[in-house]
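Quick mapping for you: the protein sequence lines, in order, are chains A and B. With the first letter of the first sequence counted as 1, position 82 gets the number 82 in the working numbering; the numbers rise by one all the way through. With the first letter of the second sequence counted as 1, position 378 gets the number 495 in the working numbering; the numbers rise by one all the way through.
Quick caveat, the hints were computed from the structure, so don't treat them as lab data. Note that the structure is predicted; figures quoted are calculated from it, not measured. Cβ coordinates follow ideal geometry from the N, Cα and C atoms, glycine included. The reader is advised that the hints may include incorrect statements.
What the hints assert, rightly or not - Only some residues are given here: those of chain B computed to face chain A with a beta carbon under 7 Å: (1) T193; (2) E194; (3) A419.
To be verified - Across the chosen pairs, the derived CB separations fall in these ranges: (4) A:E94 <-> B:R175: 32 to 38 Å; (5) B:D385 <-> A:E94: 53 to 59 Å; (6) B:P229 <-> A:E94: 56 to 62 Å; (7) A:A115 <-> B:E328: 49 to 55 Å; (8) B:A132 <-> A:L102: 41 to 47 Å; (9) B:M163 <-> A:K27: 51 to 57 Å; (10) B:L252 <-> A:I83: 57 to 63 Å; (11) B:T179 <-> A:I78: 54 to 60 Å; (12) B:T422 <-> A:Q26: 47 to 53 Å.
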Amino acid sequence: MSDFIYIYRNSPAAREANMGTPEARQKSMQRWMTWLRELEANGHLKSAGQPLDRDGKVARGNSRTITDGPFVEAKDVIGGYSIIQAKDLAEAAELAKGCPGLEDPDGSVEVRPVASM
Amino acid sequence: MTASLTRLFGVQNLALAEDVVQDAFCRALEVWRVRGVPPNPSAWLMTTARNRALDLIRRERTARTFAPELTRLLETEWTAAAVVEEAFSSDVVLGEQLRMMFSCCDPELAEPAQIALILNILCGFGAGEIAAAYLSGTAAIEKRIARGKKVLARSSTLFDLSDADFAARLSAVHRALYLLFSEGYHGASAHDTVRAELCDEAMRLAALLREHPATRTPATFAVSALMSFHAARLQSRVDASGELQALWEQDRSTWNRELIAQGELLLDHAARGDELTTYHIEAAIASVHCAASTIGETNWNAIVTMYDQLMLVAPSAVVALNRAIAIAQRDGPERGIEAIEAIEDRERLEAYPFLNAALGELERRRGHAAEARRYFTAALALARSDAERRYLEKRIRE
Chain A
1 MSDFIYIYRN SPAAREANMG TPEARQKSMQ RWMTWLRELE ANGHLKSAGQ PLDRDGKVAR
61 GNSRTITDGP FVEAKDVIGG YSIIQAKDLA EAAELAKGCP GLEDPDGSVE VRPVASM
Chain B
118 MTASLTRLFG VQNLALAEDV VQDAFCRALE VWRVRGVPPN PSAWLMTTAR NRALDLIRRE
178 RTARTFAPEL TRLLETEWTA AAVVEEAFSS DVVLGEQLRM MFSCCDPELA EPAQIALILN
238 ILCGFGAGEI AAAYLSGTAA IEKRIARGKK VLARSSTLFD LSDADFAARL SAVHRALYLL
298 FSEGYHGASA HDTVRAELCD EAMRLAALLR EHPATRTPAT FAVSALMSFH AARLQSRVDA
358 SGELQALWEQ DRSTWNRELI AQGELLLDHA ARGDELTTYH IEAAIASVHC AASTIGETNW
418 NAIVTMYDQL MLVAPSAVVA LNRAIAIAQR DGPERGIEAI EAIEDRERLE AYPFLNAALG
478 ELERRRGHAA EARRYFTAAL ALARSDAERR YLEKRIRE
């Protein structure tokens, strides 16, 4: 078993749709809970990680310039991360298909093996 | 509320759960004093406790371990709020209360400790109130509760409703609830309100057992039926001046028809199944009493037969004494006295005031006044409450 990180991305519009009203928010959380519970039950969840807030700043380059997050015009925003365990990259990618974030056309899950150096 | 919070925090954090509940009540007092009581106070309290629980989980999730099976889900903001929300949803609350009831009836705990825990955790009674109900010292009750909670904390998870020794635990729960009810019914406390509350709580918890498929057994219905029949007569056990009234003196028009009807319905449910418990038979006996509009119209023959049955299933000196009294009603005081003399382990009843009281009553009925007075005097020495004492003193004077 190796560790993989899931980086969840979504468009600001989809995020707004999911979290805008208390009802939508509750429905979305319910979906996430079902999914994370299933990962855990099958021994794949190493850490559920955390969702990330929308606001942000970016420190860039050797000039160390701080700018507001690139979120305003971005199509996809990182919404959070989890760390999971799977046999190999193929399995990890297969498991990612169940992510509730993928119910939105703009949603994506980036699956990256955690490198052992 | 405490049951739901304990579900989230884990039993090892029972004290923390109680703090949160306490805190919610304190806030309610502050806020309500300023803004008035909200339209739905219990929902307000639930929301307050829920928010407070979530705050606490966020703050302490790295420092503390909460319920082991929920730890992962509480660790992350993806799910923490949803898990807390779920723990407070009504069907989960029902499950948690049942689970807590089963946990309180841990075989490691003596019955009085089980009942004290149920009263404290599930009914929200303070140590002082429990002490008042049991005519016991507050310090002693506090100690009993503290010891009980230690036993609860040692078990890593709350009792699982699907556990293998579920049946044994369920019958312990029945016994504890019936004892709780009896404490209200015959109890030592002089305060009628305290006693009625104990009966109400026992009936409320029994109703919870009837709501869950796993605990909706014939025995659950039987114990519920028994409580309903007894509760129907609760008011008439004391007259207007607060004196105890024997069954034949009670004003039957004050018996609660609604509770009797409920008892009949529950007894009917209890009969669907192949389980026959002592609660079934006792409820059936109580049902015969409730069906009769006068003491003379009571079907004593049926009652004697049922006591015979009870002696086969669960023989005891107290059952034998009740059977003898029923025989006296059916066949006259002489037969009753013979039946009492024939009780095998009569010496076990020696500290029980009703043995002498029953003998006194039967002697009085067959015209032996001096004998009767002697028995009533002996019973008086054993009386356990002021009400019992006054009742017996009245008999001696007659």
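Status of each hint after checking the structure:
1. T193: Nearest chain A Cβ about 4 Å off; hint holds.
2. E194: Result: holds, 5 Å to nearest chain A Cβ.
3. A419: violated, 55 Å
4. A:E94 <-> B:R175: 32 to 38 Å: holds, 33 Å
5. B:D385 <-> A:E94: 53 to 59 Å: Given a distance of about 55 Å, which is inside 53 to 59 Å, the answer is holds.
6. B:P229 <-> A:E94: 56 to 62 Å: Holds: the Cβ-Cβ distance is about 57 Å, inside 56 to 62 Å.
7. A:A115 <-> B:E328: 49 to 55 Å: holds, 53 Å
8. B:A132 <-> A:L102: 41 to 47 Å: holds, 43 Å
9. B:M163 <-> A:K27: 51 to 57 Å: Between M163 (chain B) and K27 (chain A), where Cβ atoms are some 21 Å apart, the hint is violated.
10. B:L252 <-> A:I83: 57 to 63 Å: The hint (57 to 63 Å, Cβ to Cβ) holds, given that L252 (chain B) and I83 (chain A) are roughly 59 Å apart.
11. B:T179 <-> A:I78: 54 to 60 Å: Given about 23 Å between the Cβ atoms, the range is violated.
12. B:T422 <-> A:Q26: 47 to 53 Å: violated, 59 Å
Hint violations for this structure: numbers 3, 9, 11 and 12, all remaining hints satisfied.
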